[in-house]
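**Q** If you read the sequence shown in our numbering, its first letter stands for residue 1, the second for the next number, and so on.
In short, the hints are calculated from the structure, not lab data. A hint or two may mislead.
Said to hold, decoys possible - Simulated restraints, written as ranges between beta carbons of each label pair:
1) ASN53 <-> ARG8: 24 to 34 angstroms
2) LYS6 <-> THR48: 34 to 44 angstroms
3) GLU54 <-> GLN7: 16 to 26 angstroms
4) PRO60 <-> GLY22: 16 to 26 angstroms
5) GLN7 <-> ASN53: 29 to 39 angstroms
6) ASP55 <-> GLU4: 27 to 37 angstroms
7) ASP55 <-> LYS6: 27 to 37 angstroms
As the list claims (entries may be wrong) - SDA-like mimics (lysine to any residue), calculated; alpha carbons at most 25 angstroms apart, straight line:
8) LYS27 <-> GLU3
9) LYS27 <-> SER57
10) LYS27 <-> ARG8
11) LYS6 <-> LEU24
12) LYS27 <-> ARG37
13) LYS27 <-> PRO42
14) LYS6 <-> ASP38
15) LYS6 <-> GLY31
16) LYS27 <-> ALA47
17) LYS27 <-> ASN53
18) LYS27 <-> PRO60
19) LYS6 <-> ALA30
20) LYS27 <-> ILE49
21) LYS6 <-> PHE23
22) LYS27 <-> ILE58
23) LYS6 <-> PRO42
24) LYS6 <-> SER57
Note that CB positions come from ideal geometry on N, CA and C, so glycine has one too.
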Amino acid sequence: MMEELKQRILKEGRAKAGGGMGFLVEKGFAGGGQFLRDHNIPYHALATITRINEDNSIEPA
1 MMEELKQRIL KEGRAKAGGG MGFLVEKGFA GGGQFLRDHN IPYHALATIT RINEDNSIEP
61 A
């Protein structure tokens, strides 16, 4: 399933001139944003968090 999703993102992310993706919050520790950047898909997040602690507090980048 993840491989299908990756292929769809790559195909659709490049399909439109000027197309790209935007997110409110990127989980910087999850790797999804880096995947998009590595494949030259325009990408922007308003905020990036580097960690979610056990008490549900977050650490911003």
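**Q** Are the hints correct? Go through all of them and say.
**A** Hints and how they fare:
1. ASN53 <-> ARG8: 24 to 34 angstroms: For ASN53 and ARG8 the Cβ distance comes to about 33 angstroms; the hint holds.
2. LYS6 <-> THR48: 34 to 44 angstroms: violated, 21 angstroms
3. GLU54 <-> GLN7: 16 to 26 angstroms: Once the Cβ atoms are compared, 35 angstroms apart, the range 16 to 26 angstroms for GLN7 and GLU54 is violated.
4. PRO60 <-> GLY22: 16 to 26 angstroms: For PRO60 and GLY22 the Cβ distance comes to about 18 angstroms; the hint holds.
5. GLN7 <-> ASN53: 29 to 39 angstroms: holds, 34 angstroms
6. ASP55 <-> GLU4: 27 to 37 angstroms: Roughly 35 angstroms apart at Cβ, these two residues keep to the hinted range, so it holds.
7. ASP55 <-> LYS6: 27 to 37 angstroms: holds, 33 angstroms
8. LYS27 <-> GLU3: holds, 20 angstroms
9. LYS27 <-> SER57: holds, 13 angstroms
10. LYS27 <-> ARG8: holds, 20 angstroms
11. LYS6 <-> LEU24: holds, 20 angstroms
12. LYS27 <-> ARG37: Holds: LYS27 and ARG37 sit about 14 angstroms apart, inside 25 angstroms.
13. LYS27 <-> PRO42: holds, 17 angstroms
14. LYS6 <-> ASP38: Status holds; Cα separation ~12 angstroms.
15. LYS6 <-> GLY31: OK: LYS6 and GLY31 at ~12 angstroms, within 25 angstroms.
16. LYS27 <-> ALA47: Distance ~9 angstroms between LYS27 and ALA47 Cα, so the pair holds.
17. LYS27 <-> ASN53: It holds: about 13 angstroms lies between the C-alpha atoms, which stays within 25 angstroms.
18. LYS27 <-> PRO60: Between LYS27 and PRO60 the Cα gap is close to 9 angstroms, so the pair holds against 25 angstroms.
19. LYS6 <-> ALA30: holds, 14 angstroms
20. LYS27 <-> ILE49: holds, 5 angstroms
21. LYS6 <-> PHE23: Distance of about 17 angstroms is within 25 angstroms: holds.
22. LYS27 <-> ILE58: Given that 25 angstroms is the threshold and the Cα spacing comes to 10 angstroms, the pair holds.
23. LYS6 <-> PRO42: holds, 15 angstroms
24. LYS6 <-> SER57: violated, 30 angstroms
The structure fails to meet hints 2, 3 and 24 from the earlier list, while all remaining hints are met.
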